[in-house]
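For the protein sequence lines, the chains are A and B, in the order given. In the working numbering, each number is its position in the first sequence, counted from 1, plus 243. In the working numbering, each number is its position in the second sequence, counted from 1, plus 243.
Any given hint might turn out to be false.
Put simply, identical chains are the same to the list, so a pair is met inside one copy or across any two.
Straight-line distance between alpha carbons at most 30 Å, and here's what the computed DSS-like set of lysine-lysine pairs gives [to be verified]:
#1 470 x 494
#2 555 x 297
#3 684 x 522
#4 746 x 494
#5 470 x 651
#6 297 x 684
#7 605 x 746
#8 470 x 552
#9 304 x 379
#10 321 x 590
Keep in mind that the hints were calculated from the coordinates and are not lab data.
Protein chains: 2
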Amino acid sequence: MKNISYIATKPYCTSTGFQASNPATGETIEGSFANNTVEHVGIACAAAEEAFVKYSRTSDKARAEFLQEIATQIENRKDSIVARAMLETGLPEMRLAGEVGRTCGQLRMFASTLDEGSWVRAVIDTANPERTPLPKPDVRLTTAPMGPVVVFGASNFPLAFSTAGGDTASALAAGCPVIVKAHGSHPGTAILVAEAINEAIHICEMPAGVFSILSSDISRIGVDMVKDLRVSAVGFTGSLGGGRALFDLCKQRSTPIPFYGELGSTNPVFLLPETLSTKTEALAQEFVASMNMGCGQFCTNPGILVALKGDKLNEFIELSKQALANVAPQTMLSAGIHSAYESGAEKMQAAKGVEVVATGAKGGINQAESLIVKVSADTWLENPDLEHEVFGPFNLIVECDTPDQMLKIVQRMYGHLTATLHASENDLLQSSALVDKLRDKVGRIILNNWPTGVEVCQAMQHGGPYPAATFSATSVGGRAIDRWVRPVAYQNMTDSLLPDTLKNSNPLGILRLVDGEYTRKAW
Amino acid sequence: MKNISYIATKPYCTSTGFQASNPATGETIEGSFANNTVEHVGIACAAAEEAFVKYSRTSDKARAEFLQEIATQIENRKDSIVARAMLETGLPEMRLAGEVGRTCGQLRMFASTLDEGSWVRAVIDTANPERTPLPKPDVRLTTAPMGPVVVFGASNFPLAFSTAGGDTASALAAGCPVIVKAHGSHPGTAILVAEAINEAIHICEMPAGVFSILSSDISRIGVDMVKDLRVSAVGFTGSLGGGRALFDLCKQRSTPIPFYGELGSTNPVFLLPETLSTKTEALAQEFVASMNMGCGQFCTNPGILVALKGDKLNEFIELSKQALANVAPQTMLSAGIHSAYESGAEKMQAAKGVEVVATGAKGGINQAESLIVKVSADTWLENPDLEHEVFGPFNLIVECDTPDQMLKIVQRMYGHLTATLHASENDLLQSSALVDKLRDKVGRIILNNWPTGVEVCQAMQHGGPYPAATFSATSVGGRAIDRWVRPVAYQNMTDSLLPDTLKNSNPLGILRLVDGEYTRKAW
Numbered sequence: 244m245k246n247i248s249y250i251a252t253k254p255y256c257t258s259t260g261f262q263a264s265n266p267a268t269g270e271t272i273e274g275s276f277a278n279n280t281v282e283h284v285g286i287a288c289a290a291a292e293e294a295f296v297k298y299s300r301t302s303d304k305a306r307a308e309f310l311q312e313i314a315t316q317i318e319n320r321k322d323s324i325v326a327r328a329m330l331e332t333g334l335p336e337m338r339l340a341g342e343v344g345r346t347c348g349q350l351r352m353f354a355s356t357l358d359e360g361s362w363v364r365a366v367i368d369t370a371n372p373e374r375t376p377l378p379k380p381d382v383r384l385t386t387a388p389m390g391p392v393v394v395f396g397a398s399n400f401p402l403a404f405s406t407a408g409g410d411t412a413s414a415l416a417a418g419c420p421v422i423v424k425a426h427g428s429h430p431g432t433a434i435l436v437a438e439a440i441n442e443a444i445h446i447c448e449m450p451a452g453v454f455s456i457l458s459s460d461i462s463r464i465g466v467d468m469v470k471d472l473r474v475s476a477v478g479f480t481g482s483l484g485g486g487r488a489l490f491d492l493c494k495q496r497s498t499p500i501p502f503y504g505e506l507g508s509t510n511p512v513f514l515l516p517e518t519l520s521t522k523t524e525a526l527a528q529e530f531v532a533s534m535n536m537g538c539g540q541f542c543t544n545p546g547i548l549v550a551l552k553g554d555k556l557n558e559f560i561e562l563s564k565q566a567l568a569n570v571a572p573q574t575m576l577s578a579g580i581h582s583a584y585e586s587g588a589e590k591m592q593a594a595k596g597v598e599v600v601a602t603g604a605k606g607g608i609n610q611a612e613s614l615i616v617k618v619s620a621d622t623w624l625e626n627p628d629l630e631h632e633v634f635g636p637f638n639l640i641v642e643c644d645t646p647d648q649m650l651k652i653v654q655r656m657y658g659h660l661t662a663t664l665h666a667s668e669n670d671l672l673q674s675s676a677l678v679d680k681l682r683d684k685v686g687r688i689i690l691n692n693w694p695t696g697v698e699v700c701q702a703m704q705h706g707g708p709y710p711a712a713t714f715s716a717t718s719v720g721g722r723a724i725d726r727w728v729r730p731v732a733y734q735n736m737t738d739s740l741l742p743d744t745l746k747n748s749n750p751l752g753i754l755r756l757v758d759g760e761y762t763r764k765a766w
Numbered sequence: 244m245k246n247i248s249y250i251a252t253k254p255y256c257t258s259t260g261f262q263a264s265n266p267a268t269g270e271t272i273e274g275s276f277a278n279n280t281v282e283h284v285g286i287a288c289a290a291a292e293e294a295f296v297k298y299s300r301t302s303d304k305a306r307a308e309f310l311q312e313i314a315t316q317i318e319n320r321k322d323s324i325v326a327r328a329m330l331e332t333g334l335p336e337m338r339l340a341g342e343v344g345r346t347c348g349q350l351r352m353f354a355s356t357l358d359e360g361s362w363v364r365a366v367i368d369t370a371n372p373e374r375t376p377l378p379k380p381d382v383r384l385t386t387a388p389m390g391p392v393v394v395f396g397a398s399n400f401p402l403a404f405s406t407a408g409g410d411t412a413s414a415l416a417a418g419c420p421v422i423v424k425a426h427g428s429h430p431g432t433a434i435l436v437a438e439a440i441n442e443a444i445h446i447c448e449m450p451a452g453v454f455s456i457l458s459s460d461i462s463r464i465g466v467d468m469v470k471d472l473r474v475s476a477v478g479f480t481g482s483l484g485g486g487r488a489l490f491d492l493c494k495q496r497s498t499p500i501p502f503y504g505e506l507g508s509t510n511p512v513f514l515l516p517e518t519l520s521t522k523t524e525a526l527a528q529e530f531v532a533s534m535n536m537g538c539g540q541f542c543t544n545p546g547i548l549v550a551l552k553g554d555k556l557n558e559f560i561e562l563s564k565q566a567l568a569n570v571a572p573q574t575m576l577s578a579g580i581h582s583a584y585e586s587g588a589e590k591m592q593a594a595k596g597v598e599v600v601a602t603g604a605k606g607g608i609n610q611a612e613s614l615i616v617k618v619s620a621d622t623w624l625e626n627p628d629l630e631h632e633v634f635g636p637f638n639l640i641v642e643c644d645t646p647d648q649m650l651k652i653v654q655r656m657y658g659h660l661t662a663t664l665h666a667s668e669n670d671l672l673q674s675s676a677l678v679d680k681l682r683d684k685v686g687r688i689i690l691n692n693w694p695t696g697v698e699v700c701q702a703m704q705h706g707g708p709y710p711a712a713t714f715s716a717t718s719v720g721g722r723a724i725d726r727w728v729r730p731v732a733y734q735n736m737t738d739s740l741l742p743d744t745l746k747n748s749n750p751l752g753i754l755r756l757v758d759g760e761y762t763r764k765a766w
């Protein structure tokens with residue numbers, strides 16, 4: 244692999260590169276990557292700003308074809324992308340192959356959103372010159388893309404949340420050029436996907452600056468990217484510490500910009516009594532599978548489990564312990580994440596009242612030892628630190644004395660991406676207040692499924708009250724496109740100069756709110 | 244008027260009150276108002292937090308009735324509200340009577356939004372247990388209210404952007420309790436409107452803490468309000484300086500919250516050549532009327548006018564000068580605003596290359612002397628300070644040598660609420676690039692109307708790129724409600740525990756996106 248990065252499709256070389264390392268072996272991987280600087284940030288931003296003029300005026304149809312072509316080009320490179328990603332992330336082949344599928348699925352979902360076209364939520368209020376005391380003007384509302392967007396590649400999804408992941412796909416769909424900060428752990432994977440995007444730019448004759456990627460093994464470049472005044476919005480998935488620092492920078496600019504950051508979540512799971520009694524073994528199996536999926540490195544990993552104290556919970560814990568013994572050790576995404584996991588898990592174990600109930604097998608280099616601990620609800624309620632995320636295959640079981648304590652836990656909780664209930668019809672009759680209260684705390688409430696495995700669909704919500712996310716929006720699913728546009732109204736505008744979404748003839752055939760009525764009609 | 248403020252419907256008295264003064268006379272007005280402190284902020288926030296539990300679970304229908312009742316109660320008090328507002332703001336009776344109408348119209352518009360119900364944008368993706376490799380879960384998306392909202396009363400709309408104004412109406416519609424910071428210039432008006440809201444709370448049996456109002460003649464209380472961790476979002480209309488300070492506080496909190504601030508706009512108007520030639524006199528009359536409307540104290544006041552240098556512009560300026568001579572002097576909203584206007588206008592006159600072309604009549608105490616100045620496009624492009632808002636009846640005419648300079652002005656512009664074009668069909672054929680470029684700079688593009696007089700309708704956009712606003716949303720019109728809700732998804736949830744918006748039977752009959760199809764169907 245060459246020493247290369249892409250700035251607006253022009254390969255850019257530096258003499259001082261950095262190299263990725265294989266978390267499974269600790270060895271350096273072939274290929275070196277540019278340590279880009281603020282100068283390259285400037286080049287990429289200038290190119291994006293120039294591209295925005297043309298790209299933001301392309302038709303939805305043209306952008307849909309572009310997204311389809313990116314998906315095709317990624318699929319063309321699937322084998323080399325998966326092979327490189329395996330080396331850089333330690334994730335298994337099947338998972339990464341699945342992630343290629345999800346990435347291309349996301350690109351195609353946004354393509355179909357554009358093809359359908361109603362996502363802009365056009366509104367038309369027609370004129371009434373006869374109205375008194377003042378005539379009513381014709382006012383029409385649509386959206387416009389915000390401008391160049393910076394996307395940070397995520398460590399835990401080297402494809403679906405990185406170079407051509409959900410943030411990039413939705414921003415490109417919205418009409419915004421994208422500048423990606425490649426994640427330092429998987430720069431080679433990033434460059435291979437960037438090549439696919441650049442090939443699509445070439446084939447679809449899009450302006451070169453519509454996509455750039457920058458890399459560095461120091462975090463300074465991310466700071467330079469969000470501070471560049473040509474950048475209009477930022478997409479980020481990562482840690483609370485790093486994400487909050489970038490959020491603060493975005494808000495301190497002379498022109499503040501939206502920072503769509505997903506900053507971590509502990510995703511509490513509630514096991515209600517009847518279900519715990521009747522499905523003890525299945526729940527234990529599913530629980531251990533969910534908390535170990537992808538070595539616990541999913542945004543929606545269940546990090547807290549809440550249930551009533553008693554024999555059935557003891558049995559569940561014993562069965563979980565047995566199940567955990569059968570989980571093969573897994574390599575974490577990087578040495579840094581592995582050591583953060585170890586220190587996080589250690590801190591939890593050292594906390595007052597926390598008791599270890601099960602540990603997974605010890606593995607090799609950078610492999611995580613799964614860990615399940617337990618604590619009483621009273622202790623949990625006293626110590627807010629116990630709600631913090633330990634990124635990896637870790638779970639804290641909170642033992643409640645009464646159903647009322649479960650409610651108290653929900654009331655004390657801060658924001659999470661998800662909350663999960665395992666409950667029978669009877670359980671729900673007893674605990675409808677729980678479903679109700681959870682609405683104020685999370686982005687997605689799940690009944691009798693597990694939180695891992697986020698469905699990419701129009702109804703998905705991936706985001707939640709702070710610190711789960713810094714925004715009231717979703718970074719997964721159809722609505723993710725809304726983050727990169729702003730509303731624009733036209734008053735009394737001549738039909739020929741209106742965007743197609745607002746023309747009388749409704750050339751796109753989209754659903755519009757016309758004088759209070761939802762319709763696809765033209766006139 | 245009693246020394247009184249409302250915290251959750253409980254009258255709260257202090258011994259040290261402050262008094263309002265009449266800008267038209269400089270005299271103190273009868274009645275004294277509580278100087279609330281951080282302690283009262285705490286009481287109001289605790290009441291709002293408690294009210295949220297119940298109020299956020301009320302039906303859309305119940306909240307629609309509540310908003311209707313508030314409108315009725317305001318109308319019941321119309322005479323006393325208008326009389327008090329005249330004393331406190333110097334605005335004329337007709338304008339204030341119109342503003343009562345607009346305020347009630349806004350409340351009723353949101354009531355009808357709730358009655359129709361589709362505003363929540365419900366999405367349903369049904370399950371497919373047969374899908375491979377993984378079954379597809381049932382996922383459904385709706386919205387939930389964010390929590391208690393703080394609204395700052397605006398100086399320039401004592402009714403429509405204050406106590407029961409657009410921010411309050413939309414937040415209450417969304418299901419959020421509201422705590423209003425009464426504007427220090429019109430506390431008596433604020434309390435009269437608060438009484439109307441409290442009467443509606445009583446009649447509709449809403450929880451008391453759903454509305455509180457706090458007052459103080461020092462700005463510290465606003466700081467305490469936005470810093471209280473029980474507050475979930477803030478609505479603000481005011482100056483860039485004060486607004487940015489509050490924005491910063493909202494973002495620096497341990498839990499950052501949205502700050503929906505409208506911070507000022509110069510609302511550029513472009514007169515294109517053919518229209519300037521053929522409608523010179525009408526344009527001059529309309530221009531002078533628009534820039535003096537409400538003594539130039541509208542958010543959408545035209546503060547910059549751009550046209551090609553030449554005889555026709557000279558004629559337009561001469562006619563504007565004559566029209567300005569006929570405008571009766573108007574009292575500004577407060578002594579503070581008047582002195583800020585005078586110093587702002589003075590600063591503009593003192594800027595290099597700026598020439599005074601017309602001044603209005605000198606008036607009495609706190610009355611503004613209207614002012615039109617001009618400058619060359621070259622000078623304007625060199626001095627970014629010339630784009631700043633002078634709040635009041637002020638306009639800066641920018642004389643261009645070429646149509647290309649008009650485009651350059653648009654490219655250099657920062658964000659504004661509106662941009663206006665006066666253009667014939669021919670003009671537009673020559674200048675379609677202008678319409679196109681303006682899309683990236685403003686929230687609303689207006690053709691052959693004037694920016695003042697914001698229509699309250701579903702298609703309205705009142706907001707624009709920073710510093711016009713701190714958000715990609717609108718504070719006027721139907722979509723203003725979107726600011727106070729966040730998306731919540733339910734996965735695999737039992738029908739009886741779903742919100743009505745998501746139930747299979749579609750009991751509200753709303754439009755939903757079901758498996759990719761917009762429909763009102765039930766099943």
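Ascending list of hint numbers which this structure does not respect: 2, 4, 7, 8 and 10
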